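Based on the hints, put chain Y in the right spot on chain U.
Chains U and Y are the protein sequences, given in the same order.
So the first sequence is numbered by the working numbering: it starts at 1 and just counts up by one.
So the second sequence is numbered by the working numbering: it starts at 1 and just counts up by one.
To be clear, the hints were calculated from the coordinates, so they are not data collected in a lab.
Keep in mind it's a predicted model, so treat the numbers as computed, not measured.
Glycine is no exception: its CB is placed at the ideal position from the N, C-alpha and C atoms.
Incorrect hints may appear among the rest.
[Said to hold, decoys possible] So these bits of chain Y aren't anywhere near chain U, every CB distance computed over 12 angstroms: (1) 84; (2) 108; (3) 136; (4) 161; (5) 162.
[Stated by the list, open to error] Below 30 angstroms or equal to it, Euclidean Cα-Cα: the simulated DSSO-like pairs (lysine-lysine) are: (6) Y:87 / U:25; (7) Y:57 / U:21; (8) Y:57 / U:25; (9) U:21 / U:34.
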Amino acid sequence: MEKEQRPERIANRPDRIERAKSVRKRLIDTAGTKALLTLSASAALVGSMLAISISEYRSDTAASAQDHATPQTVIPREPVFSRALVRVPTEAPPSPALPYIDLAQLPPPPTVEIVVETAPVLVPSLASPVLDAAPPVAPPSFTQQGPAAPATAAPPAQSDPALQNQPRVVLRPNQVQKPAARTRSSR
Amino acid sequence: MTAAHSQVNLPETTSESGSPSLAFLLMGFALGATIGSLVLLLMAPTVLAAVAHEQAKLYWFLSRSAGIVSYVLLTSVTGTGILLSTKYARRWPGTQLALELHRFLSLLALLLVSIHVFALLGDRWANYTLAQLITPFAAMQYRPFWVGIGQVAFYMFVILFGSFWLRRWIGSQTWRRLHYFSYACWLLATLHGIMTGSDLSVLVPLYEIAAGLVTLGALLRLVEFFLRRVRNMTAYQMSVEREA
Numbered sequence: 001m002e003k004e005q006r007p008e009r010i011a012n013r014p015d016r017i018e019r020a021k022s023v024r025k026r027l028i029d030t031a032g033t034k035a036l037l038t039l040s041a042s043a044a045l046v047g048s049m050l051a052i053s054i055s056e057y058r059s060d061t062a063a064s065a066q067d068h069a070t071p072q073t074v075i076p077r078e079p080v081f082s083r084a085l086v087r088v089p090t091e092a093p094p095s096p097a098l099p100y101i102d103l104a105q106l107p108p109p110p111t112v113e114i115v116v117e118t119a120p121v122l123v124p125s126l127a128s129p130v131l132d133a134a135p136p137v138a139p140p141s142f143t144q145q146g147p148a149a150p151a152t153a154a155p156p157a158q159s160d161p162a163l164q165n166q167p168r169v170v171l172r173p174n175q176v177q178k179p180a181a182r183t184r185s186s187r
Numbered sequence: 001m002t003a004a005h006s007q008v009n010l011p012e013t014t015s016e017s018g019s020p021s022l023a024f025l026l027m028g029f030a031l032g033a034t035i036g037s038l039v040l041l042l043m044a045p046t047v048l049a050a051v052a053h054e055q056a057k058l059y060w061f062l063s064r065s066a067g068i069v070s071y072v073l074l075t076s077v078t079g080t081g082i083l084l085s086t087k088y089a090r091r092w093p094g095t096q097l098a099l100e101l102h103r104f105l106s107l108l109a110l111l112l113v114s115i116h117v118f119a120l121l122g123d124r125w126a127n128y129t130l131a132q133l134i135t136p137f138a139a140m141q142y143r144p145f146w147v148g149i150g151q152v153a154f155y156m157f158v159i160l161f162g163s164f165w166l167r168r169w170i171g172s173q174t175w176r177r178l179h180y181f182s183y184a185c186w187l188l189a190t191l192h193g194i195m196t197g198s199d200l201s202v203l204v205p206l207y208e209i210a211a212g213l214v215t216l217g218a219l220l221r222l223v224e225f226f227l228r229r230v231r232n233m234t235a236y237q238m239s240v241e242r243e244a
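Isolated chain U, as found in the complex (with noise of 0.2 angstroms):
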């Protein structure tokens, strides 16, 4: 270095002292900054999960509010980190495939007369004149309509015009009825 140049780098001494200075204070200063960026951030933060929350409260109020009101099919999402409830329409649309029947114009189901015959019961005879003359006694048939006459060996005939048509099922003594051979549509 020349000689000339020393007093320069001398002279110069005070400049960077000063630049030094106040590079420090502007140091300095930044930690004001950093105060207030990290009291910024705690700030936005805590205002960010209020903002959240007071959301959420106020969709799940709308929600539960919605469900009182009309009953609904709820549906849960697929892994959703929104915690909403999926809503479908309470009315399904009508299936094509099962034609719609009305009930009320299906004509009466057909009435069904059945009537149980019974054997006629005989009374062992005891050591008694007036038992043993007796003449044995058939116990009385029932038919639909209730108990009637006695009972002989042919059913009653069919007073009841309503009944006249109808399919009978007679039962008789000994008989067993044997049930209805099973087809498709009846399972």
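Just chain Y now, kept in the frame of chain U:
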């Protein structure tokens, strides 16, 4: 009445330098602690329910809000980095201050991203394990690909943050090449926020502003890079002609 009697002896509230005395500080601290304890006791059942309930949402809210604030900080870090690299920081706010801000903002962002990740450990609805949070693309509960993108961005940010302290060993050139990945880190974080965020409907303006600022900054960086190259080449040619 003499002047001495007329004087009201007030207790010293300030010291010579102007700061409040220790007694008042302690009184204020005691009062604040008392009020805070009372409020905490009153709110204890609510706080416990929010924290320890089976379906407590506190941790989920904390994670969401920490994610939003950390994204804003990450964008600020990227912005100050662009200011430093383009030398515009000399004009405002000054190179030294911009560097200090850049480092401090990155520290804050790293802290908030950590809260965003590890707060999910307390959420019973998502039920993340520590291994799933640490391992990229291992969390299968919700959109594993985009969550994994966010995890990769987190690790890139950690490396970029640590590279400043390792600059002495890795060298300036390696450090500079490593820092080019900061753009990719910011982009991955943006994609993670858009594709997995629960508050997307509200945060669209934030993403638009952030994308606009960073894109503009990156374009300015490119323009400044090419201008500098042209200037250097021109100066080199002029020096060659002068010597000739």
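Structure-based check of each hint:
no., hint, result
1, 84, "holds (15 angstroms)"
2, 108, "violated (5 angstroms)"
3, 136, "holds (19 angstroms)"
4, 161, "holds (16 angstroms)"
5, 162, "holds (20 angstroms)"
6, Y:87 / U:25, "holds (22 angstroms)"
7, Y:57 / U:21, "violated (51 angstroms)"
8, Y:57 / U:25, "violated (46 angstroms)"
9, U:21 / U:34, "holds (20 angstroms)"
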